[in-house]
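Q: Each chain, written out:
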Amino acid sequence: MHVATSSAFKENAHHALANAGLQRALARSGGSFIARRAAAVAGLPEFESLCDTARDIKNHTLAHLDFYLEEYERKVLASGGQVHWCADAAAARAVVLAICEKAGARTVTKGKSMISEELAINDHLERHGITPVETDLGEYIIQLRHELPSHIIAPAFHLNLEDWEEAFRKSHTDLPADRVFAERRDILTEARTKLRSQFLAADVGITGANFLIAETGSSVIVTNEGNGDLTQTLPKVHIVLASIEKMVPTIEDCTSLLRVLARSATGQEFSVYTTFSTGARRPGDLDGPEEYHVVLVDNGRSAMIGTEFQDMLRCIRCAACMNHCPVYGAIGGHAYGWVYPGPMGAVLTPGLIGVKEAGQLPNASTFCGKCESVCPVRIPLPKLMRHWREREFERHLTPAAMRWNLGIWGFFARRPLLYRMATRAVAVSLGWIGRKKGRFSKMPFAGGWTEARDLPAPEGDTFFARYAREQRARALT
Amino acid sequence: MTKEAILGALRRGLRRGALPEDQTAMLRGRLERHPRQLIPARSRLPHAGQVDLFVANVEKEFGTVARVADGSDVPGAVADYLAAQNLPGNLVMAPHPELRDIPWSARPLLEFREGRAEGTDMVSVQHGFAAIAETGTLMLPSGPVRPTTLNVLTDTGIVVLRASRVVGAYEEAWDLLRAEIGAMPRNVMLVTGPSRSADIEQTLELGAHGPRRLHIVLIEDVA
Chain A
1 MHVATSSAFK ENAHHALANA GLQRALARSG GSFIARRAAA VAGLPEFESL CDTARDIKNH
61 TLAHLDFYLE EYERKVLASG GQVHWCADAA AARAVVLAIC EKAGARTVTK GKSMISEELA
121 INDHLERHGI TPVETDLGEY IIQLRHELPS HIIAPAFHLN LEDWEEAFRK SHTDLPADRV
181 FAERRDILTE ARTKLRSQFL AADVGITGAN FLIAETGSSV IVTNEGNGDL TQTLPKVHIV
241 LASIEKMVPT IEDCTSLLRV LARSATGQEF SVYTTFSTGA RRPGDLDGPE EYHVVLVDNG
301 RSAMIGTEFQ DMLRCIRCAA CMNHCPVYGA IGGHAYGWVY PGPMGAVLTP GLIGVKEAGQ
361 LPNASTFCGK CESVCPVRIP LPKLMRHWRE REFERHLTPA AMRWNLGIWG FFARRPLLYR
421 MATRAVAVSL GWIGRKKGRF SKMPFAGGWT EARDLPAPEG DTFFARYARE QRARALT
Chain B
1 MTKEAILGAL RRGLRRGALP EDQTAMLRGR LERHPRQLIP ARSRLPHAGQ VDLFVANVEK
61 EFGTVARVAD GSDVPGAVAD YLAAQNLPGN LVMAPHPELR DIPWSARPLL EFREGRAEGT
121 DMVSVQHGFA AIAETGTLML PSGPVRPTTL NVLTDTGIVV LRASRVVGAY EEAWDLLRAE
181 IGAMPRNVML VTGPSRSADI EQTLELGAHG PRRLHIVLIE DVA
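Chains A and B, in that order, give the protein sequences. Here the first sequence stands for residues 1 to 477, where the numbers follow my numbering. Here the second sequence stands for residues 1 to 223, where the numbers follow my numbering.
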């Protein structure tokens, strides 16, 4: 079971900053997603308008989600599939296990799915004697290393080439020990060979869904490797795991969202494989699963509808927010302590596992606003983080020192004259002390802040004093 | 019932009951009309320009294209491609009437099996239903004449496509699908280039689990 460590965020972040391998991986990969997205956006003049369209489609769907879910179910049933409604993770795990057991499954192949991580499906299957095999290359090594993904579209974002080699040597003991991994391709080829037999032997294939389409009852997956397609085509049973907010009304609506998804995620114009699955094998078909199940999961989503966090349910999991986040870029994904990292994780995680456990995450932001500016469905992530901070404060979950300091600040902030006098005293005295160097390399009570950077010395006066002086000067001329 | 509980929770959040009749009728009308949203201008070209854009986009995504004058040139194009790549001449082919009409016997070294792909098949020949110029994307709907395994299981995927089936935007391809096939097939794959992964150090490598090579034989059937 993935025990959430989100409450230890500060400690996790310290460890992450001291982890040389992680820092190397972050430094190498950080800029590439940003550059690739920028190029893709520059190549499509309609991109920003398409983001507005994407936002509107999602808003429309959420406002009528009850209707679209029922329409969707009708269409799935009509095309020979089954829908299993699950209120929470435990219910979803039980349904997946029951389908696998009924199919007599021994091994289950899996496409990459964040909802599967959220539900902790793998542990549950293993405990009941069924072997889950992750087939996305990044998820595969994460499974070998018994880790959580550190990024929602690049699970092995935190690893370096030598980590891959080490994990493969340790796990693939049937291969010659003296084989050489000269380049990345050798890793890829070994994984391809290893997983080929698993694809063909699996009894059940489990995938996630990027979208569910009400018009047709289809589930949609988007991949580059083709593992998701092998997973859902070869076994006799296909299980789709999807949360309720994956719904979109029509194929055309889905197409509009697809136009912004890949560009925002990997910077591709379109992913290699975008696949629409509708029901089970039809008469005359030579391949495809005989059973098609959709495990439709709520797990906290319906409780966000109608609240200030409803906007978060527009998320299409592209990861642009974390790719552009200075906090994520400094500490990686594992420090966030649960399944969803970065800005989207900082908003979603408290909603799913509670503000008591995950209240630290919305504090991990400088509110620079980059995440909101790159979000293809225009989620106001900083605003939503602020809402969580307010809730955390209301429920007295904020640490005592922080509450105490906020209390002092609040006392002055409500008394403008006193506030100006106090800040002026501080600005003048700090300006005088720091007048030679113009900066402080050490500050009492702010050692953590000055450890990595200098604090510029005030220039001897406050903004208000200067503003008043300049207004007077302007009035005279 | 879990379903009723979830729907109830959604309605409580939305501060209303189940939608009234007139509103569901309106939403059903929208599903039936499936209106188009904003479509990028880039593929709004004369048809020849759309075909060129399609080819350019396929090549940008590491696929290859051989343009031939008519169906009788296909066997030669396939044989030449396989020879150039040093690949065997054993093919598994989609049982599609248009592929059967191709005079394959002109190249006796090509060996065919019709049907779905198995784990041992190295090269597949699939029938292209339609193609989208906007991003160089093939549309491959499943059915008795177009098995899905041919799209993903082999090392090399060859797709035979008529140029008249190239459209500008995805929406036009969906309209073709609705008009010619009707209800949604079990599986519709949109394929853009060969399989790849950037999971190792965020660096692109071709040939993850799907085909390492994607080759399109494009029959120029439009004057």
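Worth flagging that the hints you see were computed from the coordinates, not collected in a lab. Small disclaimer: the values here were computed from a predicted structure and weren't measured. Treat the hints with care, since some could be wrong.
As the list claims (entries may be wrong) - Computed footprint of chain B on chain A, listed as stretches where at least three residues anywhere in the stretch have a Cβ under 8 Å from a Cβ of chain B:
1) 82 to 89
2) 246 to 256
3) 272 to 284
4) 299 to 305
5) 374 to 383
Claimed, not checked - Sample of chain A residues facing chain B (criterion: CB under 7 Å; computed from the structure):
6) Ile34
7) Glu48
8) Leu65
9) Phe67
10) Arg127
11) Ile130
12) Leu137
13) Gly138
14) Asp186
15) Glu215
16) Thr216
C-beta atoms are modelled at their ideal positions from N, C-alpha and C, and glycine is treated no differently.
Q: Does each hint hold? Answer for all of them.
A: Here's how the hints hold up against the structure:
no.: 1; hint: 82 to 89; result: holds (count 3)
no.: 2; hint: 246 to 256; result: holds (count 7)
no.: 3; hint: 272 to 284; result: holds (count 12)
no.: 4; hint: 299 to 305; result: holds (count 4)
no.: 5; hint: 374 to 383; result: violated (count 0)
no.: 6; hint: Ile34; result: violated (11 Å)
no.: 7; hint: Glu48; result: violated (11 Å)
no.: 8; hint: Leu65; result: holds (5 Å)
no.: 9; hint: Phe67; result: holds (5 Å)
no.: 10; hint: Arg127; result: violated (23 Å)
no.: 11; hint: Ile130; result: violated (22 Å)
no.: 12; hint: Leu137; result: holds (4 Å)
no.: 13; hint: Gly138; result: holds (4 Å)
no.: 14; hint: Asp186; result: violated (10 Å)
no.: 15; hint: Glu215; result: holds (5 Å)
no.: 16; hint: Thr216; result: holds (4 Å)
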